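full-length UniProt numbering numbers the first residue of the sequence shown as 1 and each following residue consecutively.
It is worth saying that the hints were derived from the structure and are not from the lab. This structure is a prediction, so every number in the text was calculated from the model and none was measured. Positions of the beta carbon are idealized from the N, C-alpha and C atoms, including for glycine. Heads up, a few of these hints could be off.
Here are the computed distance ranges between Cβ atoms for each label pair [unchecked claim]:
1) Ala421 x Gly456: 27 to 37 Å
2) Gly527 x Ala332: 36 to 46 Å
3) Ala421 x Gly73: 36 to 46 Å
4) Arg538 x Ala417: 47 to 57 Å
5) Gln141 x Leu479: 48 to 58 Å
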Amino acid sequence: MGANGTGDTDGTDGTGATGGPPEGPAGSAPRVTLEGLLSVVGAGAVEPCVAPRGLGAPVTGVTVLDETEPATGPGELLLVVGVDPESAVAVDIVRRAGEAGAAAVVFGPGRSGRPSTALREAAEETGTVVLLRTAWSPWAQLVSVLRAGLASVGVPPDPAMAAVAPGDLDGLAEAVAALVDGAVTIEDTRSRVLAYSSEQQEVDEVRRLTILGRRVPEWRVAAMREDGFFRALWSSGDVLHRPARGDAPERLVAVVRAGGEPLGSIWVAAAGRPLAPNATDILRAAARTAAPHLIRHRTRGGHEHLVEEAVRALLEGRGSPEAAAERAVLPARGSYAVLAVRVVPGREDAGPGREDETSARLSGMLTLHCAARGHRAVAVLLGGAVLVVVGALEAAGERAEAQVARLGASLVRQASAALGAEVRIGLGEVVDGPARLPESRRSAEEALRALLETRGAPTHARVGEVAEAVGMGRIADALEGLSLPPQTPVARLAAFDAEHGGISTVETLRAYLDHFGDVPAASRALGVHPNSLRYRLRRLVQVSGIDLADPDSRLLAQIQLRLLDRGA
């Protein structure tokens with residue numbers, strides 16, 4: 001941490017740098033798309049407003065429009081300061097930007113926070129992406145974070161830190177601490193603590209004071225400024241080493257930069273034991289990895305947490321829906337729907353933190369693409385799924401339902417392609433106003449569960465389109481915890497299989513019932529000869545006592561088999 005200093009630096013160049021390559025990847029700059037840039041910057045800075053051809057356009061630079069020199073180059077992200085997006089001037093700027101091949105045009109939020117019909121039509125005609133600056137992101141900060149984001153996109157994170165969710169500085173500090181075997185603090189350029197690792201060992205008094213005060217003590221800042229340490233730190237291109245002195249342990253520090261601009265610093269302190277032998281290399285990699293996290297943190301501030309909490313309150317039916325919608329910058333009235341989204345579990349999702357990382361990527365991606373289609377949307381992780389609250393729909397009715405269906409189909413394609421995994425989306429019913437969002441959430445989650453539990457189900461659907469699977473789920477819910485006699489036929493078969501192993505009598509019964517007693521079809525499903533299946537059926541009847549000719553027996557067996565599936 002910034003308090004990590006003893007006032008000394010070492011190294012032949014007088015900066016304490018340990019040597020190694022300068023920050024940033026070698027070779028030509030990677031191709032940066034508008035989607036890639038916005039995923040780094042986050043929704044706290046700009047929001048897609050109109051994206052007629054998606055967000056795949058390449059971005060070559062960030063330019064502030066000067067009406068006295070209005071020329072715009074291809075691929076430029078054009079920031080339009082002082083022009084109302086609802087004015088005729090804005091329409092003209094969008095047309096000129098489209099002709100010049102600009103990547104996108106960014107306006108201020110304007111009076112209504114929405115583009116005029118004329119601006120939307122101009123964007124659609126020219127294929128120009130229009131973005132709106134959020135009210136809490138001033139132009140000076142926006143220019144800074146966009147340019148820093150442009151420089152950091154394409155710099156691959158260190159594999160050991162790649163699982164950290166975007167903007168999760170606490171998670172990054174913990175990951176680095178585990179790798180270097182020390183105590184880690186991440187600070188901004190004003191020596192304020194942004195995140196720190198949870199270290200059980202005693203460190204030193206300065207670290208303790210810094211964490212308690214959430215900033216480096218003023219006397220330590222003054223001492224480091226006076227002895228020239230900050231000058232050496234911010235001008236250095238590599239890791240600085242500060243040897244142990246007295247009660248102050250050994251420390252390493254690296255500046256996090258993007259496009260030459262310092263965003264903050266990462267400090268590592270020995271915690272009662274030597275640092276890892278490769279701690280310098282790890283910290284160098286961490287400084288490169290940290291750039292997009294610090295950019296996301298800058299644009300997010302406390303607003304993102306406030307929005308997410310407000311949306312959770314809406315979905316759970318807590319408090320005033322009008323007040324929560326206002327905090328989440330959602331419309332106070334109009335049609336809404338909730339989408340419940342999950343990646344189909346697979347081996348690629350195994351491993352600690354993998355599912356959280358995928359959900360974090362999915363959440364940001366869904367919000368971005370909903371906004372690109374003209375919807376005000378907020379995504380939160382709740383109940384094991386990513387729930388997307390979508391506002392600004394057509395008036396409730398068939399048109400709104402068709403709009404949600406088109407949105408679901410589009411999001412499935414985009415998310416599956418981006419993640420390289422299957423995605424399922426349950427489409428909630430369209431409701432009138434934010435107060436009824438819990439109803440839409442319930443229907444979305446029911447539809448999603450049916451899609452995940454039913455073989456051959458579509459990729460997205462409403463409850464009415466998977467009504468049988470939803471109905472079976474409700475029956476299973478109602479029967480959950482119901483005490484059945486221990487000697488039912490299915491219970492006997494399950495006990496027999498557990499005791500004897502080998503051929504599963506439960507699976508034999510399941511195949512027979514699922515194929516309506518069609519022995520050839522059931523035998524094909526099991527991969528056995530029909531005569532072998534007939535022998536197995538006689539055996540399971542003897543073991544269980546089931547009467548396969550009795551409709552009630554078959555119904556009870558089917559229900560118990562479904563409950564067994566759920567338990568598994």
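Verification of the supplied hints:
no.	hint	result
1	Ala421 x Gly456: 27 to 37 Å	violated, 18 Å
2	Gly527 x Ala332: 36 to 46 Å	violated, 59 Å
3	Ala421 x Gly73: 36 to 46 Å	holds, 37 Å
4	Arg538 x Ala417: 47 to 57 Å	holds, 51 Å
5	Gln141 x Leu479: 48 to 58 Å	holds, 55 Å
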